[in-house]
Structures are given as C-alpha cells and as structure tokens.
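Chemist: Given the coordinates of chain A, work out where chain B should sit on it, guided by the hints.
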Amino acid sequence: MKEKLTTEEIEYLAELSRLGLKADEIAKYRIEISKILNYFEELTALDTSQVKPYGGIAAANKTRADQILPPEASPSELLGNAPVTEDGFIKVKSVFQR
Amino acid sequence: MNITELSIAELLEEINSGNLSRLEVTEAYLNRIKKVEGSINSFISVAEKEARSRAQALDTSRDSAVLSGIPVGIKDLFCTRGLKTTAASKMLANFVPPYDAEAVRRLREAGAVILGKNNCDAWAHGASNENSNFGAVHNPWNLKRVPGGSSGGSAAAVAAQECAFSIGSDTGGSIRQPAGFCGVVGLKPTYGRVSRYGLIAMASSLDVVGPITKNVEDAALVLSVIAGEDPKDATSFRTPVPKYRRELDKSLKGKKIGLPREYFSLGLSKEVETIFRKAVEVFEKQGAKVIDISLPHTRYGVAVYYIIQPAEVSSNLGRYDGIKYGFEAAGAKTLIEHYFKTRDEGFGEEAKRRIMLGTYVLSSGYYDAYYLKAQKVRQLIALDFDQAFEKVDFIISPVSPTPAFKIGEKSADPLAMYLADVFTVQPSLAGLPAISLPAGFSAEKLPIGLQIIGPKLGEDIILNAAYQFEQETASCDWRQYTTEV
Numbered sequence: 001m002k003e004k005l006t007t008e009e010i011e012y013l014a015e016l017s018r019l020g021l022k023a024d025e026i027a028k029y030r031i032e033i034s035k036i037l038n039y040f041e042e043l044t045a046l047d048t049s050q051v052k053p054y055g056g057i058a059a060a061n062k063t064r065a066d067q068i069l070p071p072e073a074s075p076s077e078l079l080g081n082a083p084v085t086e087d088g089f090i091k092v093k094s095v096f097q098r
Numbered sequence: 099m100n101i102t103e104l105s106i107a108e109l110l111e112e113i114n115s116g117n118l119s120r121l122e123v124t125e126a127y128l129n130r131i132k133k134v135e136g137s138i139n140s141f142i143s144v145a146e147k148e149a150r151s152r153a154q155a156l157d158t159s160r161d162s163a164v165l166s167g168i169p170v171g172i173k174d175l176f177c178t179r180g181l182k183t184t185a186a187s188k189m190l191a192n193f194v195p196p197y198d199a200e201a202v203r204r205l206r207e208a209g210a211v212i213l214g215k216n217n218c219d220a221w222a223h224g225a226s227n228e229n230s231n232f233g234a235v236h237n238p239w240n241l242k243r244v245p246g247g248s249s250g251g252s253a254a255a256v257a258a259q260e261c262a263f264s265i266g267s268d269t270g271g272s273i274r275q276p277a278g279f280c281g282v283v284g285l286k287p288t289y290g291r292v293s294r295y296g297l298i299a300m301a302s303s304l305d306v307v308g309p310i311t312k313n314v315e316d317a318a319l320v321l322s323v324i325a326g327e328d329p330k331d332a333t334s335f336r337t338p339v340p341k342y343r344r345e346l347d348k349s350l351k352g353k354k355i356g357l358p359r360e361y362f363s364l365g366l367s368k369e370v371e372t373i374f375r376k377a378v379e380v381f382e383k384q385g386a387k388v389i390d391i392s393l394p395h396t397r398y399g400v401a402v403y404y405i406i407q408p409a410e411v412s413s414n415l416g417r418y419d420g421i422k423y424g425f426e427a428a429g430a431k432t433l434i435e436h437y438f439k440t441r442d443e444g445f446g447e448e449a450k451r452r453i454m455l456g457t458y459v460l461s462s463g464y465y466d467a468y469y470l471k472a473q474k475v476r477q478l479i480a481l482d483f484d485q486a487f488e489k490v491d492f493i494i495s496p497v498s499p500t501p502a503f504k505i506g507e508k509s510a511d512p513l514a515m516y517l518a519d520v521f522t523v524q525p526s527l528a529g530l531p532a533i534s535l536p537a538g539f540s541a542e543k544l545p546i547g548l549q550i551i552g553p554k555l556g557e558d559i560i561l562n563a564a565y566q567f568e569q570e571t572a573s574c575d576w577r578q579y580t581t582e583v
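So the protein sequences, as listed, match chains A and B. Note that my numbering has the first sequence beginning at 1, numbered continuously upward. Note that my numbering has the second sequence beginning at 99, numbered continuously upward.
One chain only, chain A, in its complex shape (with noise of 0.2 Å):
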C-alpha cells in the first residue's frame, strides 16, 4: 500500500521541527505517521460548515494579574541547568556564520 506521506515530506517535517533523524527513522515514522493520518480521514465526512471552532478555553475566567512577582530564584539556580555557562552567562554557539 502506498504510503500517505512521501520520504521528502517527512524529511521536511523533521526540518520544520527541528529533529535531526536518521535514514531508518526516517523511514519508520514515514509508515507510522501515514497510518496515523489515514484514521483522520473520517472527519472529512462530517459536515462542519455551520460550527465554530471549539471555545471552551476562551469562556473560562480571565485571570490576569500584571502585578505579580514571579517565584524568588537565584541566579545560580537559573544558571545552573544550562549546559554551558561563562562568567555568569549562557554560552551558545554563533547565531551567524561567519
């Protein structure tokens, strides 16, 4: 059977989110995902012309509160689960190519 999404097309997924995988996961997820999106297909039959999208979040209270101060965390407690620091900054590696 002819898979739903082609090597390119997941290949391009894996770019759009920023996984770096190799060939046979490549393949792998291609056959997965595939199967996985043929069992959506049942939605199209249903005619949703005349719903809006569901809302349920947006009824929920507003609660805002722009005065509050976040939680008391010291800079090396923040700092500490960064893979690299220096000198009390995070080190990352060159955003433009030089």
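Where hints are given, some of them may not hold.
Stated by the list, open to error - Dumping the calculated SDA-like pairs for lysine to any residue here, alpha-carbon to alpha-carbon at most 20 Å:
1. B:Lys422 to A:Leu79
2. B:Lys489 to B:Glu382
3. B:Lys182 to A:Ala73
4. B:Lys474 to A:Ile57
5. B:Lys474 to A:Gly55
6. B:Lys147 to B:Ala126
7. B:Lys368 to B:Lys543
8. A:Lys35 to B:Ala514
9. A:Lys91 to B:Phe193
To be verified - Negatives, chain A to chain B, calculated, CB over 10 Å:
10. Glu8
11. Glu25
12. Asp87
13. Gly88
Stated by the list, open to error - Per the computed footprint, the stretches of chain B lying under chain A, defined by three or more beta-carbons under 8 Å from a beta-carbon of chain A, are:
14. 185-198
15. 410-421
16. 447-460
17. 476-482
Hint data in this document are derived by calculation from the structure and do not stem from the laboratory. Just so it is clear, CB atoms sit at the ideal spot from N, CA and C, and this is done for glycine as well.
Modeler: Okay, now just chain B, sitting in the frame of chain A:
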C-alpha cells in the same frame, strides 16, 4: 496496625490523636518503598533525607495543617524546587527546577511530605508507562502487566502502598486510565479547576492536574487543597472551591444517570462489559434512574484528540533546545546542528512521533483540513455533553476497553494504543470533570474501573456518586483481593 494500608483520613486521625508521629508514618512509607521498588519502579527519585526532616519538623512544630504529615508522590512532570524533575525524559534528566508547581506549593503548605517523584511516560506521552527513559513501571496486581499511563508510576505507587496518595496529570486519560488498571481512584477535575502553573506542559487546552488516591474520600480531601484560582494560571477559575468532603454523603435516590448508547460498540471486552453492567445495577439499587442517552459524535473523539493534542505538544516541546536547560548533544559544530542533534537524541520515539504529527496538522495547507476541522468537531462533542446534561445528573462509562495488557504487548502499534483512549478522551475534549474508581476484577484478577463524568465544575456531583458506589460495594468479595507485592 499496618501504617501503609491506612487512607489519608485514617492517617490524619491517628496523627491528630497522637497515636502516630508524622516521622513514623514517613518512615513506614520509606521502608515500604525500599521493600517493593525493585519490582515496581514507580519512583524516578526518592527524597529520603528531605522527607524525614520535613516530617520531623512538622512533628516538632505540632503542625495542624490539613494534610499534615501525609506522604505524597509527585508525578515527575511537576516542577519541585530543588528536586530533580525529569519528565521521565533524557532531555531533562538532570534538570532541577528553581520553583515549585502551584499544586506542589499548596500541598507543601498543607503539610504533605513529598516522598519523591513518580515515574511516568516521558512528557506524559503514553498509556502504559513504557515510554519512560527510566524504565517501565510494573502493575502491582500482576508484575508482567502495565500499570497504564501516563501517570503509571503514580497509580502503581498508590496501589503498592508506596505513598498515601499521588498527584498526576490528565490530558486524554492519564490519571483515570492508570487508576483503572491499578485499582485505585483517579480524579480529573474540570479544566481550569486546578492551576497548571509548574506542570510541564503537554497539551495546553487539555492538561489537568488531579489526585490519585486509595479511596474517594481522600480524593475529595486532596482536591480541596489543590483546587482554586491562581493568578499565575490565566485559565484557572475564579469560582470558589467547595468543601468537597461535605458533598459525599448525599443519597443518590432520584438522581438521573446517563448511559451513552454509543459506548457499547467501542470494542469493549466481554469482561469489562459484564463488570460495567453490574456497576449500573449498583446505582439502580441505590434508587438512581438510568437513562439512555446519545453522544452522537463519540466515534470521532480519538481522531479529534490525536490531532489537537500533538499539535499543542509540537508547540510546547519547541522550548527544549538544549540552551537554557536540559540535555545538550555533543559534537555539534553549528547552532542549527546543535538543535537537530539535541532534539533527535534527547527526545524518545513517541515524543518525536507526536511532534511531527502536530507539525503536520498545523502546517500551511493542512491547518484547515486537520486542526481547524478537529476543533470544530471538538465543539460538537462538547455540545453533545451539554445536551446530555440537560437530561441527566452524571454519565457513566467504562474507563478502558480492556484490563491491563502485558508489558510489550502494544508497543509496536501506536495507533492501537491511541484507540484504547476512546472513553477517556471524551470528557477531556469537553473540559469536563471525570473520576475513575474500582468496579471489580477480571477473571485473571486484574482491576477494572468505572468512569463517572460530570458537568462543568461538577466535581461535587461525581465525587458524591463515586463515594456512594464505593460504600455500596464495600463488602463485595473483590474488595478483599490483594496485590502481587
């Protein structure tokens, strides 16, 4: 007296009357963990030192807070300041949060003693706790079986008496289904009833925080502590929190119970159906009237859920890039290579599958056909429930189509695993409260649960119904069965 057999309410009585010290209680649970953890693997980390000193401090100050001295396990998806929080993933294996989740903060304030962080499916992706980077969890009723998921560690820990209760999260069934598989009580409150602040986000329009307990009364006690408005969570309700314990004793006489006719053609195993129909009789015996109702869009629930949830997952997991916290892959030469490598190596299979699925359904050209369509069908599902609740007080259903399956049995077929969520995703999509409680056992002595669904903010209704069911079945034979460990 076997301390680890006691419920929260019983422990509070023993502690408050001076029969037990909080330290004794914590020691009993820590010893129990040492005894059975090798077989269950329900904890990723145990905070032995911190638990002991906390219990001791509470004893010394003769603390009188509402859950004072009660030992709790916290699903490792909740930030706990100073305690490693891993989401059961390699990506956060060494992450130490600089803050407490709000639910954790409230429990600490109420005097609960945190024993450790419970194992779960990584990122809450799963229904069997086989997706953890810290090993699978084993069902205390049969060690070759799964405990369910994603809060598998939480449910197993409560069932194995490794903690008095646990806090889990539920997005499409992650509290209710493992509670069902492990023969304990699992409550998913209304979306917005409990603050999600500090819960590592899975699907932001679906995630809910709730307790897993030994019985219904305990669930009511814990909900009263963790529920309520939180300015740090803009989706949390301002509605006052009732004293849920007071609602439990009301009779069910005259109550109308909805039985959705569509639920019987969803692949129910014979055993689950038998137990479920027996449960219906229990309610009828108590004077409630069972009414046939229709939830016509039930069959679309799994598809809708597995479009919306991965979409939100793909967005929420975008933050894990190995820069400010978390795992960093070695050997990357450029920034973009760093992202690709870190995320490929740091995430497990199921996470990657869901991220890509979500990316697809949100991508340009496909958004309308998938995500928007799913949100519209979600609205239809929510309307089905609204209409049903005009006729009935609460709705009952099985929790899962089958009892706990064997470890490894379903891991090769993701779609088959997703389809088993058919009963639990329905109230999740509509934001409604639902509770899972023990209703009996299969011939192989595996627990089978019952789900009770309520209207929005109807936690008092479903807790009352669950409590009455529990009382009515208190002397049944199956209440005497014991776990394998």
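Chemist: So, for every hint listed, does it hold in this structure?
Modeler: Right, here's what the structure says about each hint:
Between Lys422 (chain B) and Leu79 (chain A) the CA atoms are separated by roughly 8 Å; this keeps the pair inside 20 Å, and the hint holds. Our distance criterion of 20 Å between C-alpha atoms is met by Lys489 (chain B) and Glu382 (chain B), whose separation comes to about 17 Å. Between the alpha carbons of Lys182 (chain B) and Ala73 (chain A) the distance comes to roughly 16 Å, so the proposed pair stays at or under 20 Å and holds. With a CA separation close to 14 Å, the supplied pair Lys474 (chain B) and Ile57 (chain A) stays within the 20 Å bound.
Between Lys474 (chain B) and Gly55 (chain A) the alpha-carbon distance is near 9 Å, which keeps this suggested pair within the 20 Å criterion. Restraint check: the Cα-Cα separation between Lys147 (chain B) and Ala126 (chain B) comes to about 14 Å, which is no more than 20 Å; the hinted pair holds. Taken as a hint, the Lys368 (chain B) and Lys543 (chain B) pair is honoured in the structure, with Cα atoms around 15 Å apart against an allowance of 20 Å. A hinted pair counts as satisfied when its Cα atoms are at most 20 Å apart, and Lys35 (chain A) with Ala514 (chain B) qualifies at roughly 11 Å.
Proposed proximity of Lys91 (chain A) and Phe193 (chain B) is supported: the alpha carbons are some 18 Å apart, at most 20 Å. Annotated as non-interface, Glu8 (chain A) keeps its C-beta farther than 10 Å from every C-beta of chain B; the closest such distance is 13 Å. At roughly 8 Å, the least C-beta separation between Glu25 (chain A) and chain B is not larger than 10 Å, which violates its mark as non-interface. Chain B leaves Asp87 (chain A) outside its interface by the beta-carbon criterion, the shortest separation being 16 Å against a cut-off of 10 Å.
For Gly88 (chain A), the non-interface assignment is confirmed: its Cβ lies about 14 Å from the closest Cβ of chain B, beyond the 10 Å cut-off. A stretch counts as covered by a chain when three or more of its residues have a beta carbon under 8 Å from one of that chain; for the region 185-198 of chain B and chain A the count is 6, and the coverage holds. Coverage of the region 410-421 of chain B by chain A holds. Counting CB-CB distances below 8 Å, 5 residues qualify, and the rule asks for three or more. Here the region 447-460 of chain B counts 7 residues with a CB under 8 Å from a CB of chain A, which clears the bar of 3, and the coverage holds.
With a cut-off of 8 Å between beta carbons, the region 476-482 of chain B has 4 residues touching chain A; three or more are needed, and the interface restraint holds.
The structure is inconsistent with hint 11 alone, although it conforms to all the rest.
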